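Novice: Taken in sequence, the protein lines are chains A and B. Position 173 of the first sequence, counting from 1, maps to 188 under my numbering, and the rest follow consecutively. Position 404 of the second sequence, counting from 1, maps to 419 under my numbering, and the rest follow consecutively.
Hints in this document: simulated from the structure, not taken from any laboratory. Computed from a prediction, not measured in an experiment: that's the story for all the values here. It is possible that part of the hints are untrue.
One copy or any two copies: either way a pair holds, since identical chains are not told apart in the list.
Claimed, not checked - Straight-line C-alpha distance at most 20 angstroms; calculated EDC-like pairs for lysine to aspartate or glutamate: (1) K142 <-> E163; (2) K36 <-> D352; (3) K33 <-> D354; (4) K389 <-> D378; (5) K330 <-> D264; (6) K438 <-> E448; (7) K377 <-> E404; (8) K18 <-> E437.
Number of protein chains: 2
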Amino acid sequence: MKKYSEMSFEEMKLEHEKLEKLYKDYRYQALSLDMSRGKPSPAQLDLSNGMMDVLNSQEDLSCSDGFDCRNYGVLNGIPEAKELMADIMEVNPDNIIIFGNSSLNIMFDFISRSYHHGVMGHTPWCKLPKVKFLCVVPGYDRHFRITEYFGIEMINIPMLPTGPDMDMVESLVSTDDAIKGIWCVPKYSNPTGNSYSDETVRRFARLKPAAPDFRIYWDNAYTIHHLYDDHQDHLIEILAECKRAGNPDMVYKFASTSKISFPGSGIAMAAASLNNLEDIRRCLEVQTIGHDKVNQLRHVKFFKDIHGVSEHMEKHAEILRPKFEIVEKILHEELDDLDIGWWTEPRGGYFISFNSIPGCAKDIVLTAKKAGVKLTPAGATFPYGIDPEDRNIRLAPSFPGNDEISIAIRLFTLCVKLVTIEKMIAQHNSEAEQ
Amino acid sequence: MKKYSEMSFEEMKLEHEKLEKLYKDYRYQALSLDMSRGKPSPAQLDLSNGMMDVLNSQEDLSCSDGFDCRNYGVLNGIPEAKELMADIMEVNPDNIIIFGNSSLNIMFDFISRSYHHGVMGHTPWCKLPKVKFLCVVPGYDRHFRITEYFGIEMINIPMLPTGPDMDMVESLVSTDDAIKGIWCVPKYSNPTGNSYSDETVRRFARLKPAAPDFRIYWDNAYTIHHLYDDHQDHLIEILAECKRAGNPDMVYKFASTSKISFPGSGIAMAAASLNNLEDIRRCLEVQTIGHDKVNQLRHVKFFKDIHGVSEHMEKHAEILRPKFEIVEKILHEELDDLDIGWWTEPRGGYFISFNSIPGCAKDIVLTAKKAGVKLTPAGATFPYGIDPEDRNIRLAPSFPGNDEISIAIRLFTLCVKLVTIEKMIAQHNSEAEQ
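One chain only, chain A, in its complex shape (with noise of 0.2 angstroms):
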């Protein structure tokens, strides 16, 4: 097929008219498709199922240093789960304190004692003129809310095939001391797929931020969330490199099991240097007695050690692999060639990340809708909801049917080429009457 920008005014016309038909031909149809949702699909979850059977009214509730799981206290995590985590974490168990079922949560706790009590010893947030955070765009929209929220300036800062824009971000943080905080999900990130490369990491630990309290938000979600057994994305362990570099302090790293056991339902942990946790302790110890200990058992008892965790996660692989082959074989089919769509081909996550030409991924999601095929919203993977370039869209294939992503992929293909060709016949129009 020829490439939209080698085409005749008459033949957009011709493909337009074409595109139109099929169109309508969607629209006949009623659909109503869900391609906006980074859930795990039932499937998924049913691996988990057995999670239900682990514990039992006969069963011993005491963790492995005696301590009974059902009463209160244990403000850092028990000893099992501490472990099994931790494994998980790249990170040594000390290095670790577990909390509720949501990372989202303690990352929000994170900013808020950062914002009320500074990081630290260092000056609170709320105190200063003014507080500045880098975001990598595109991102995980519910990041960006967070440093919204607390009315912190956000800067973006552009994803490269390796990770953050370093020149950017290592001239900025060095400079600016209001700047406190990066965000970052360095692999399998959200939405675009790629893992930060080695050199990534290793520049990101050598930072010489001008902030004393600049930390570097890690939120590695998609750690073991791999897609292949054999290709997989390798990163390198920030907590260690940055103790390495002379930075030790520099970083809060999250995970959770949301996409390994239940979401809402799993366990959140974050890893810091003894430093850190020691400063998270002094509000923590204020804020509760402990977290959900039972579930935290439940977690061991059911996964057992990293080497179950691991087989668990195949299983999910083997669910979500064959959803990504579908968006990607579609996209190849309708897209190729035509240079108007470039899309992102991860090996783990939960996203693919797609781009229009400039000026077109609001236009694209409204279509979409249009026809019954509700997409993650255009921008919502900026702060503030602005893509400056309105071409990106995050396309998340886990949750529906394989069939319901075929058909939601082909008319995402439909509405993108549609889109694109009536942006260049106005374009052309505009043109003509100058």
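Model the placement of chain B on the given structure of chain A, informed by the hints.
Specialist: The following block gives chain B in isolation, referenced to the frame of chain A:
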């Protein structure tokens, strides 16, 4: 036995010698008993072990509206859990949000939110020169630690048999707009065990606060935690009463199942007016995607309805009641008529509040500790850990076994006598010197 105050100096010295000998005998026993913790005993926890059986891998884990509890979502709680918790809290399910495992954490978050974002559009407390809180004393140390953590000035309000001194509350609240809240445990209060009278609740609902963002923090932690079938305290429902009085937004109400099912693995909730809930949700939806719905479902399947909860609480009472009776019996046997100690005899809750003559509480706790009996630190029941009269001690009989309680309280009364008589002898000597 003679009142200590009526003893001659010689009698005092004889009594002191006798007590010292008895105390030495205790020290030889090398006891190690703990009367400090308001924790349920293992026997109480056993009552909820069945909760581990109600869900299993074959079970449908959807809630009543068909939502899959295993997955992300549902910010306010699943419908059946809201209904059950609303029954426990005596409010409408629409007025409830179900949170995580800890009502303390909810309260912390409410104060934190008010501090960084303000209450329903009013100035965030972090932007005010001064914020004050009223604290009913003696009260719950963990409440006071939250307000202390946020640098909020705390003002003591004496607890009377009818509840807080309402003359003082009304006068302060109506004249000082820096006063933003009051900590209350209105039923079977911690540690005094009394409940607010109808008149007290009505006066609360009719407060005319100078600060529009003043809120009553109504921690109904012991709402159904009766010790007796026959004589129980009744508390007017505060949300309805505030609405009736034209102050619908003036109260936040808190509760949890921590002392109903498993502490730390229960569920916690807040109730408030719809206006307040909307304000709370604006923060909550940034903070988390949802709390643990599987655990909400587990609780509903185990308790079924409010009648199931009530029956369950009777079983708790059967275990707790004898413990309170042992404490009260020994206090009577040892201290009646001496006029050196006064204590509460609550109909519910977890504590007995003991008052010595002024200036003795710290020494009593220390003397007991030296003989191997750990008590709640003297002063813990007051803001900043400072009991101005140094006389209040919280006794927590729930956790130890009945035999242990007997020994611990017998020793405790000995320490009360010993410290009191030592104080009286010292006073006599110092007067003689003058």
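Novice: Run every hint past the structure and note whether it holds.
Specialist: These are the hints, each one checked on the structure:
For a Cα distance limit of 20 angstroms, the shortest separation of K142 from E163 qualifies both inside one copy, at 17 angstroms, and across copies, at 18 angstroms. For the identical chains of this complex, K36 and D352 are neighbours neither inside a copy (22 angstroms) nor across copies (98 angstroms), given an alpha-carbon limit of 20 angstroms. Proximity of K33 and D354 under a CA criterion of 20 angstroms is satisfied intra-copy only: 19 angstroms inside one chain copy versus 99 angstroms between copies. In this homomeric assembly, K389 and D378 come within 20 angstroms of each other (Cα to Cα) only inside a single copy, at 13 angstroms, whereas the closest approach across copies is 69 angstroms.
Taking CA atoms no more than 20 angstroms apart as the test, K330 paired with D264 passes in neither setting, with 36 angstroms inside one copy and 50 angstroms between copies. Proximity of K438 to E448 under the C-alpha cut-off of 20 angstroms is restricted to the intra-copy arrangement: shortest distance 15 angstroms within a copy versus 102 angstroms between copies. For a Cα distance limit of 20 angstroms, the shortest separation of K377 from E404 inside one copy, 10 angstroms, qualifies, whereas the shortest one across copies, 68 angstroms, does not. For the homomeric pair K18 and E437, the shortest alpha-carbon distance inside one copy (15 angstroms) is at most 20 angstroms, but the shortest distance between copies (99 angstroms) is not.
In this structure, the earlier hints numbered 2 and 5 are contradicted, and the remaining ones agree with it.
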